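Q: Protein chains in written order, with our numbering: chain C, 63 to 234; chain Y, 63 to 234; chain Z, 63 to 234; chain F, 63 to 234; chain P, 63 to 234; chain L, 63 to 234.
Keep in mind that the hints were calculated from the coordinates and are not lab data. This structure is a prediction, so every number in the text was calculated from the model and none was measured. Warning: the hint list may mix true and false statements.
Any copy will do: because identical chains look the same in the list, a pair fits if it lies in one copy or spans two.
Stated by the list, open to error - Restricting the straight-line Cα-Cα distance to at most 25 Å, the calculated cross-link-like pairs of lysine-lysine (BS3-like) are:
hint, residue 1, residue 2
1, 225, 205
2, 205, 96
3, 225, 96
There are 6 protein chains.
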Amino acid sequence: MTTRPTEPEKLSELGHVKMTQDGPESQMVDVSRKESTDRVAVARAVVEFPAGLLGRLRAGQGPKGPMEETARTAGILAAKRTGELIPMCHPLGLDHVAIEFQDRGENALEVRCRSACHGRTGVEMEAMVGVSVAALTIYDMAKGLDKGIRIQRVELLEKSGGKSGHWRASSS
Amino acid sequence: MTTRPTEPEKLSELGHVKMTQDGPESQMVDVSRKESTDRVAVARAVVEFPAGLLGRLRAGQGPKGPMEETARTAGILAAKRTGELIPMCHPLGLDHVAIEFQDRGENALEVRCRSACHGRTGVEMEAMVGVSVAALTIYDMAKGLDKGIRIQRVELLEKSGGKSGHWRASSS
Amino acid sequence: MTTRPTEPEKLSELGHVKMTQDGPESQMVDVSRKESTDRVAVARAVVEFPAGLLGRLRAGQGPKGPMEETARTAGILAAKRTGELIPMCHPLGLDHVAIEFQDRGENALEVRCRSACHGRTGVEMEAMVGVSVAALTIYDMAKGLDKGIRIQRVELLEKSGGKSGHWRASSS
Amino acid sequence: MTTRPTEPEKLSELGHVKMTQDGPESQMVDVSRKESTDRVAVARAVVEFPAGLLGRLRAGQGPKGPMEETARTAGILAAKRTGELIPMCHPLGLDHVAIEFQDRGENALEVRCRSACHGRTGVEMEAMVGVSVAALTIYDMAKGLDKGIRIQRVELLEKSGGKSGHWRASSS
Amino acid sequence: MTTRPTEPEKLSELGHVKMTQDGPESQMVDVSRKESTDRVAVARAVVEFPAGLLGRLRAGQGPKGPMEETARTAGILAAKRTGELIPMCHPLGLDHVAIEFQDRGENALEVRCRSACHGRTGVEMEAMVGVSVAALTIYDMAKGLDKGIRIQRVELLEKSGGKSGHWRASSS
Amino acid sequence: MTTRPTEPEKLSELGHVKMTQDGPESQMVDVSRKESTDRVAVARAVVEFPAGLLGRLRAGQGPKGPMEETARTAGILAAKRTGELIPMCHPLGLDHVAIEFQDRGENALEVRCRSACHGRTGVEMEAMVGVSVAALTIYDMAKGLDKGIRIQRVELLEKSGGKSGHWRASSS
Chain C
63 MTTRPTEPEK LSELGHVKMT QDGPESQMVD VSRKESTDRV AVARAVVEFP AGLLGRLRAG
123 QGPKGPMEET ARTAGILAAK RTGELIPMCH PLGLDHVAIE FQDRGENALE VRCRSACHGR
183 TGVEMEAMVG VSVAALTIYD MAKGLDKGIR IQRVELLEKS GGKSGHWRAS SS
Chain Y
63 MTTRPTEPEK LSELGHVKMT QDGPESQMVD VSRKESTDRV AVARAVVEFP AGLLGRLRAG
123 QGPKGPMEET ARTAGILAAK RTGELIPMCH PLGLDHVAIE FQDRGENALE VRCRSACHGR
183 TGVEMEAMVG VSVAALTIYD MAKGLDKGIR IQRVELLEKS GGKSGHWRAS SS
Chain Z
63 MTTRPTEPEK LSELGHVKMT QDGPESQMVD VSRKESTDRV AVARAVVEFP AGLLGRLRAG
123 QGPKGPMEET ARTAGILAAK RTGELIPMCH PLGLDHVAIE FQDRGENALE VRCRSACHGR
183 TGVEMEAMVG VSVAALTIYD MAKGLDKGIR IQRVELLEKS GGKSGHWRAS SS
Chain F
63 MTTRPTEPEK LSELGHVKMT QDGPESQMVD VSRKESTDRV AVARAVVEFP AGLLGRLRAG
123 QGPKGPMEET ARTAGILAAK RTGELIPMCH PLGLDHVAIE FQDRGENALE VRCRSACHGR
183 TGVEMEAMVG VSVAALTIYD MAKGLDKGIR IQRVELLEKS GGKSGHWRAS SS
Chain P
63 MTTRPTEPEK LSELGHVKMT QDGPESQMVD VSRKESTDRV AVARAVVEFP AGLLGRLRAG
123 QGPKGPMEET ARTAGILAAK RTGELIPMCH PLGLDHVAIE FQDRGENALE VRCRSACHGR
183 TGVEMEAMVG VSVAALTIYD MAKGLDKGIR IQRVELLEKS GGKSGHWRAS SS
Chain L
63 MTTRPTEPEK LSELGHVKMT QDGPESQMVD VSRKESTDRV AVARAVVEFP AGLLGRLRAG
123 QGPKGPMEET ARTAGILAAK RTGELIPMCH PLGLDHVAIE FQDRGENALE VRCRSACHGR
183 TGVEMEAMVG VSVAALTIYD MAKGLDKGIR IQRVELLEKS GGKSGHWRAS SS
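So that you can see chain C by itself, here it is in the shape it has in the complex (with noise of 0.2 Å):
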């Protein structure tokens, strides 16, 4: 290892330590060289909740009470920490979050979180990591009225900013 920054590919010859095993080992990509842009990520979760439920949870019926701000502040607060959870992850200082809800028909909720900031890694990981936490957040609060809820699709829709440019998912 040596204080030259360094292409990750690169890591293992310039390092004073050899590798220990023959496999490949886990990293954090080194961005020291890469440009500060403007990053933008928006992912969704879907919630599906058994048929009735979610009428019954809007209507602040569930053991621990109306949902949405309780899960928004939630994700809001998780998708700021990304970078203890995800362990390959850079801490961002991020520069926005915002978690969205809506309905998907009358047994379905789906969230929406989008990321920003200005650096040199993308925001992808904690728009990923906004809607889990909300949905999970939701989740926690409906358990108690039925067990059979099931968080799907939970992907990137769209980013924006650094080399590889702006990204649309195909079914976003």
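Fit chains Y, Z, F, P and L to the given chain C structure using the hints.
A: Then chains Y, Z, F, P and L, alone, in the frame of chain C:
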């Protein structure tokens, strides 16, 4: 509010502070009077990959290296922090968290998490958070090759302990 | 230092390591020999607003939106992390945290937090941290309209459990 | 939701996900387009003690030992974690946090916290969290002698940087 | 995976999910069936300074000020968060953490940490994390004067409680 | 205290709050006026095992499984949280953390950590925390076989960036 242990539904009656809004409010359930029992839960998530990607990742070809040990570690660490992430969850002294992976055909990987404690409330959310963060870590380590990965079927499979006893998902 | 449970005042006598300064040192109290009992505490904080501001906030006109559900969520999450914030506090498995709000005239909002656990030490700090972070969250959501907000009377109102038994503030 | 940087007030217009409730929602302000400037804030809290208690604490007679270094450390650590505690705050790379104490007569101790960063949003909440956690730590270290301690006047004294420029409390 | 408490060595047999790699996998030990007993551990670390530096630091001449109270606070806080840092450690409700310092000749400072809980697993890692973070804090506060400081002999000195009973290092 | 950026040594002069003790106080250095440069640091720790133990661990025979991927993940995650653990450290947006392992003869394992960022202060503590937590994780995974493991030579090997420029340990 008083210092007597209270049933959750009576909280507002006993409280010295009245509710300031007409509607219901979110709340953490008071488990002071629940019995301490052995609690176990098993949850799963399924990571779906574009065709061929999982094979390449298995060979360690992702930019962040091999996935499973890193994802297991991330999932276990996150399960232990469930009470920090999910607002209305109680902090729990977990006795066990295990995370395992199994191929579901050529293009999907199933993650399962088992959580256990001896306490006054269940460990369902710990298992749900464990599989979610393990699956998100896999997504993170693979997304450099293809962003079209999707996390599906995040759901509880089984739980035991507590007043409601044993429960098993019809789909498990 | 030895592995025998020790009374806190005897720590230095028993220790293999002598104190290096003449003066006293901060310490976490050893509660190993205390009895596990039901512990409850109630604390409050009062947020004082410049004239008219509370009404505007109640109408959701702050730049960060409506306050109470967000502040309740933040306060509950922080109460659970008291042992991470307050150095000499013991980590506790809380059974309950509740936060409520009540108007105190036209220009003040009182926050109350009730915390409960079954353990060897009290939950006063959990209630104090809960009201503080809830009040700070309200400050944060309102400060874009007027910075002249002040948090007052952060204090314990009542506690029960443990050797010292029930205590109630004269001002509560 | 889109990946374009958005003014906060237009978020819902641009969003692909409609609001599901008639009322307003909490949100983190999008600071992507704000200018990075030097930001500084100073806040205070005043800890009021029952007569005579502060003198005893100053002599290190509390059950948890001397207070100031421990409270300073706790306050600095907490100020750095403001974005984890206050939901709608942005995570910030602080350049400086300082906490100082000054007697206010015989029975009160004033805590001040100065926070600074170079960034797109202010550091008021970091200073407010710093004084709050420092004051709560003092409360914790003193409460074994007397629970009738009260934290008062948690408020911002001064801020500089950003579009709104320099601001000073009339009471400072 | 099942919801029955399992002996760790039988986990893979019982599991519904097969291991996907030929080799062994990391795991958190299942302590559900272990007995709750009083657990205590004592660990140490020795900080070695270039000649003369410790004397200057004792006089408070480092750029970050006097060391011991700050290092004690940091070590106690970190010991309480051991389960967040060390992946396969169980989260524990500690009853006690104490950190003390003692000169070892003119150029070395020994740090000792004692941790205690009543639980199903030992507190060795809590004591090891406590001395490590206290020693790292001393390093941090001194490194502005000389970077040639070294932390040595981070090791367990003694433990008691649990099935394996009392253990004492030959070197202690 | 004022809102002007201050040189650390002048803090008390400028402060509105006087020091309340005669002695010096701990402080976070104000880096507001330091230049942002590329910062890199490399640190190491050496884990010494009783004879024969390292070979058994390499074969995955410890009760918690194979060590290196888990220890690397733990070390990287901890390095990112250095500002939460070490009180006077600044929170940093790291561009890179890498951890590698190399045998040192038959009974010792060297851990190295490289950390990098573009910022106003160095990343030495991030590298020191990274090797410490990676080494502690190895200790944790091995201690079930033998508690006589010792972490040695936790030290900085090299740093670059900032006003003091490049530095290399004589022992590296």
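Q: Now look at each hint and say whether the structure bears it out.
A: Hints and how they fare:
1. Taking CA atoms no more than 25 Å apart as the test, residue 225 paired with residue 205 passes between copies only; the shortest distance there is 15 Å, against 42 Å inside one copy.
2. Taking CA atoms no more than 25 Å apart as the test, residue 205 paired with residue 96 passes between copies only; the shortest distance there is 18 Å, against 44 Å inside one copy.
3. For the homomeric pair residue 225 and residue 96, the shortest alpha-carbon distances inside one copy (8 Å) and between copies (23 Å) are both at most 25 Å.
When the structure is compared with the earlier hints, no violation turns up for any of them.
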